[in-house]
Amino acid sequence: MLKMQNVSKIYRTDLIETHALRDFSVEVSAGEFVAVSGPSGSGKTTFLNIAGLLEEFEAGTYHLEGQDVSRLSDNARSRMRNEKIGFIFQSFNLIPDLDVFDNVDVPLRYRRLKATDRRERITSALELVGLASRMKHMPSQLSGGQQQRVAIARAIAGDPAFLLADEPTGNLDSLMARQVMDLLEQINEMGTTIVLVTHDPELARRAHRNVHIVDGQVSDLKAYGPRSPADDVGTEGGREAQPA
Amino acid sequence: MMRYYLRLAVRSFTATPGLTALTISAIALGVAVSVVTFSIHHLLSGDPIWWKADRLYAVTMDNYPINLPPEMHVPNVSLGPNQLTYMDATRLYASKIPERKVIMYRAEGVVSGGTADRFPERVTTRVTTADFFPIFDVPFRYGGPWTADADRNGESVIVLSYEQNARLFGGTNSVGRVIRWNDRPRTIVGVLDRWAPLPRYYDMANGSVTPPEDTYVPWGAGFGLPTSISATMQCMGPEAHFNIRTSECIWVPMWVELRDAASRARMQALIDNYWHDQRAAGRFPRPMNNRLTSVDRWLDQNGVLSSESNLLVSVGLAFFGVCLLNVAGLLLSKFLSRAAIAGIRRALGASRREIFLQHLIEAVVLAVLGALIGLVVAQYCLHGAYAWFENLRSESPSAAHVQFDTASLLWSLGLAALAALGGGLYPAWRAGRLPPAMYLKSQ
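Just so you know, the sequences run in chain order A and B. Quick note on numbering: this note's numbering labels position 13 of the first sequence as 13, and the sequence is numbered without any gaps. Quick note on numbering: this note's numbering labels position 371 of the second sequence as 1371, and the sequence is numbered without any gaps.
Hints were generated in silico from the structure; no laboratory data involved. Here a beta-carbon is modelled for each residue, glycine too, at the ideal position from N, C-alpha and C. Mixed in with the good hints, there may be bad ones.
Unchecked claim - What follows is a list of derived Cβ distance ranges for each label pair: (1) A:Glu185 <-> B:Gly1414: 55 to 63 Å; (2) A:Gln5 <-> B:Pro1017: 45 to 53 Å; (3) A:Arg112 <-> B:Pro1017: 26 to 34 Å; (4) B:Leu1317 <-> A:Thr61: 50 to 58 Å; (5) B:Pro1435 <-> A:Glu120: 30 to 38 Å; (6) B:Pro1017 <-> A:Asp14: 38 to 46 Å; (7) A:Ser174 <-> B:Pro1017: 33 to 41 Å; (8) B:Gly1414 <-> A:Ala115: 29 to 37 Å; (9) B:Leu1410 <-> A:Asp68: 49 to 57 Å; (10) A:Gly130 <-> B:Gly1414: 48 to 56 Å; (11) B:Pro1435 <-> A:Asp68: 20 to 28 Å.
Construct the complete structure from the given sequences, taking the supplied hints into account.
Right under this line is the structure:
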């Protein structure tokens, strides 16, 4: 599904050169639920942006569903982003002057789908997240949790191959955070690959696998497997992910 | 997707009403000022028939003597006379090349009759061929012009001006009525609508600001010629046996309407060939100087065209340019303020081109709205400017064309397109080039 090998990303200004990712390698298989954790500034968001084809990189290779995306044109990247990737952001990133229906509609518009097809997908996605009755609401009329659920509906309406979630519960209280995570697990169980960036170890443990990034490199790969009530929070070999 | 972009544009307007209003105002102001200056330019430039600028030509030939006597007071010899001799005018008039053609002269007459209880009165008369009315787009209130046969046969018909018809018949439809002109009965075939082109380009020799004539009679009415020719006549020297039809005195203006450049070339060739024939017969001592002069150049040559009016248009366009720059700045500010939303759309699969198109459509809609408002504002301004020209009030077709017409509409739509492209292209392009990742995190 997703395979990065020796990827490097450097941000350059006139004075400073910042190596956001250095020889970064990671592989995510279809259907996996992977958490990416690390301290602030470790390169998590950069990894997510590259994985989501929002940024390019200087070195290495990146294969997405078997296709090398390193040298794709902007149009090709946009098309791939539209068809194969769904984004969920920490601050929801809903378009404020569109209602819920139109927000979920946005990625479908760029796929040139017919109106009936779009309507079906939007309705289905909103039903899954429990917000089918709020189609005409504006984002400002929704709570944080509801907005994030709309964002999830928007991400899955196009039936993407995988979801990239950047701290999706960062702006939510614990109850709403749990609801959002339950929803993501439900989506993963339906077959969608999920890559979740988080600094919350509690949330990271709900994933199948944790990729820990420090200073732009993978420092630890930990597989959790399916979560059970017996699992509890604790250190493992002094390598527990540190809160951001 | 176009409908989607239009919907997004409308949503964007309501989301940022202040910026939207400012942008539309800037475009409207630029368009209004440009349309007003463009329209006033046509009024002040003295080209009252500018819509025929590429079709209407004055015909002149240079029959000045080699050594001009000082008493002739010719300001610019190189331009030649501004009228023709009777002989040259009637011979050139025989050509079938022009789509329309007219020869004419001014005369005096006396009319009597009508419903009003009036004494016989002296009137000014234009003795002209029938094409005078269509060639100069003279409007009729009642009836119409006489036919070409009336010219040939000297039929006893007459056309009254609006004012003359008001004096004789109280402004009612007098077509078919008979009055006496120079003691001969004439049937009224037409009554003009208000018409007073300024300047009176078609007969500059008899005054550029002189009001049009009270009555119009066919050229054939001149056979025999009326006793009161009041045309400005310029003779080239003493003549032992003066005959008005064969003398070298110039007193007959001639105009032609030529469909295209090819017709113009053929007409010029005809005049030149005629000149050669006449020169062989001993006429035209000076070098060949036959001209087909367009109206704007005619006015320039006769000292009417104002260079200030050209400056006015330049100022108007410069003002529009300043407004365009402001529009570009406002749109750039508007689009960049919504950079995060563009970033979201990019993340969701929009390409740069799609973001560019979305914003360009928004700029186009703003430009069209601004242009429409600008056109409405321009009309009000033109009415106000029009009021300043007292002697044109309700009497000049130029003023009619100063109002809303196809040219003004096309001009303002052209300016709108320029506003959209000039003011919106760069901001739309910038919106499409924004790096989405930078704005997503900061949303």
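> Looking back at the hints listed earlier, which ones does the structure fail to meet?
Replying inline: Of the numbered hints given earlier, the structure breaks none, since each of them holds.
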